[in-house]
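Use these hints to put chain E onto chain G, whose structure you have.
Chains as they are written, first to last, in our numbering: chain G, 1 to 194; chain E, 1 to 287.
Rather than coming from a laboratory, the hints here were simulated on the basis of the structure. Zero decoy hints are in this set.
Where chain G lies over chain E, by a calculated footprint (3+ residues, C-beta under 8 Å): (1) 40-47; (2) 97-103; (3) 147-158; (4) 163-177; (5) 215-224; (6) 237-249.
Keep in mind that this is a model prediction, so the values were computed, not measured. Glycine is no exception: its CB is placed at the ideal position from the N, C-alpha and C atoms.
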Amino acid sequence: MILVAPVAAAWAIALIGWVTRVRRGPRSEGDGLPSKRQRGVVMALVAVGAIAAAFLAPVSSVLWVVLALNLVLGVGENVPFSPYSMFSMPSTTAWALCFEDGEGASVPISKLGLAPHDMRKRFAAELRAARARGVRDVDAARHDAASVLATLVEERRPPHGPFSTRTISIVLVEYSLDEGKVRQVRTPILETSP
Amino acid sequence: MTGIEVPSWTSTELDIMRVGLGFVAIKTFSVIRTFRPSGELVHPVGLARFVDLKWAASRAATRTIQQGAYVAALCLAAGLLTSVALVFLTAAIIVEVTFRSSYGAVNHGNHLLAIVLTAQTAAMVVWNAAARWDWDLGVALAGSQASTAAWWAAQAIVAVYFTSGLSKLINTGGQWIARAPMLLLSAYERGDTGGMMDSWGQAQAASGVRRAAWLLDRPLLTYCAFAGGLLVELAAPIGLLGKLALAAMGLAIIALHKGNRMLLGLSFPEYQLLVLIYLVNVPQFVR
Numbered sequence: 001m002i003l004v005a006p007v008a009a010a011w012a013i014a015l016i017g018w019v020t021r022v023r024r025g026p027r028s029e030g031d032g033l034p035s036k037r038q039r040g041v042v043m044a045l046v047a048v049g050a051i052a053a054a055f056l057a058p059v060s061s062v063l064w065v066v067l068a069l070n071l072v073l074g075v076g077e078n079v080p081f082s083p084y085s086m087f088s089m090p091s092t093t094a095w096a097l098c099f100e101d102g103e104g105a106s107v108p109i110s111k112l113g114l115a116p117h118d119m120r121k122r123f124a125a126e127l128r129a130a131r132a133r134g135v136r137d138v139d140a141a142r143h144d145a146a147s148v149l150a151t152l153v154e155e156r157r158p159p160h161g162p163f164s165t166r167t168i169s170i171v172l173v174e175y176s177l178d179e180g181k182v183r184q185v186r187t188p189i190l191e192t193s194p
Numbered sequence: 001m002t003g004i005e006v007p008s009w010t011s012t013e014l015d016i017m018r019v020g021l022g023f024v025a026i027k028t029f030s031v032i033r034t035f036r037p038s039g040e041l042v043h044p045v046g047l048a049r050f051v052d053l054k055w056a057a058s059r060a061a062t063r064t065i066q067q068g069a070y071v072a073a074l075c076l077a078a079g080l081l082t083s084v085a086l087v088f089l090t091a092a093i094i095v096e097v098t099f100r101s102s103y104g105a106v107n108h109g110n111h112l113l114a115i116v117l118t119a120q121t122a123a124m125v126v127w128n129a130a131a132r133w134d135w136d137l138g139v140a141l142a143g144s145q146a147s148t149a150a151w152w153a154a155q156a157i158v159a160v161y162f163t164s165g166l167s168k169l170i171n172t173g174g175q176w177i178a179r180a181p182m183l184l185l186s187a188y189e190r191g192d193t194g195g196m197m198d199s200w201g202q203a204q205a206a207s208g209v210r211r212a213a214w215l216l217d218r219p220l221l222t223y224c225a226f227a228g229g230l231l232v233e234l235a236a237p238i239g240l241l242g243k244l245a246l247a248a249m250g251l252a253i254i255a256l257h258k259g260n261r262m263l264l265g266l267s268f269p270e271y272q273l274l275v276l277i278y279l280v281n282v283p284q285f286v287r
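The shape of chain G in the complex, shown without the other chains (with noise of 0.2 Å):
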């Protein structure tokens, strides 16, 4: 029981959610989502409802102590603890960062040590920072978050071969959803030289 009713109960939400979201039909990216604050109350609630099925199931205690503490301690990434959250808010818009040559062709920065996943979601990051110093155009914040990551493109530029010399541009590419065909607007923010 003290199994099998959450479970249940998780997957009914699940499943009444995904009828009712598609009976109604989409209207924007942000309808229906809840607030950061309702979240955060949500995930509270979630766990104290865990805290207390360790005492009611001391041989599950370990499964509802550590699932409230992914949604406690977990919340700032304090590992080993975390929500798991990547994928959890499917959004209409998704972007990229390329980092290309003159000529357009893919640098594959992976060679200089730079994992293009890490690449991103330091942008990201970087980005919110700005934000959070105060940074309000769009544009700007960018600029400032590609700098960053120009700076780290230089530290690890080869002193001989192709990638020596060559002017490297960093692209935003933005991806949206136009009735179920794919379009694509793309940025360039910044150029780094050595």
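This is chain E only, laid out in the frame that chain G set:
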């Protein structure tokens, strides 16, 4: 009363789990030098908010962590100094993941190993304390230290997948399945980032983009694929009802990872290995 019992693992099964965990630790620590950041920890998380982990960027520190982890993993696999090995590996993985995640790019690739090692270390400490001071912790502990460690590890793994499923419901107000096809845009994003990888990465990304385009034309199939994945995550606790339920849930989770690899280009190989070791527990079928 709850219908849940700690599975009765044989000593061979427990030995193989221990060896498997040692293997996953070696596999994880063998690649920690790749893409290592340096300089100030610009966006500290967890432990790094309180302790300066800059020292972990140095080549000497990296080599020490790595070689220490190899020795500890071998000791764990061999059943020598298990307690010391577990404590070292737990500390090393927490420091390593915290350090790498403190540069603005939180990386979840090793979180499952970190939580499994933490659960095993906690099980070892609690078991020893209970034995020393005659604590009666009832059914929270299994019949032996090794069984308790394996049971706590299995519960921690189940908790991770259940948390992931609940986060999707909480963050979308229960509408995750209806919104999930939008995740196919991530395949396009990965197509472009794949262009910055080696030729294998480029080929993988290109096939991911083709599959995403194919699925975008078939919305019902897309809904069903993502719904299946979420329902598997949310059903994870059912695995704790017994060894066979645990194995069935483990296989479903591995299938989920295979699907994620196909649709989104995400594989999480260490996650799959740990699920195979603690949930599927292959030796139980080889008698």
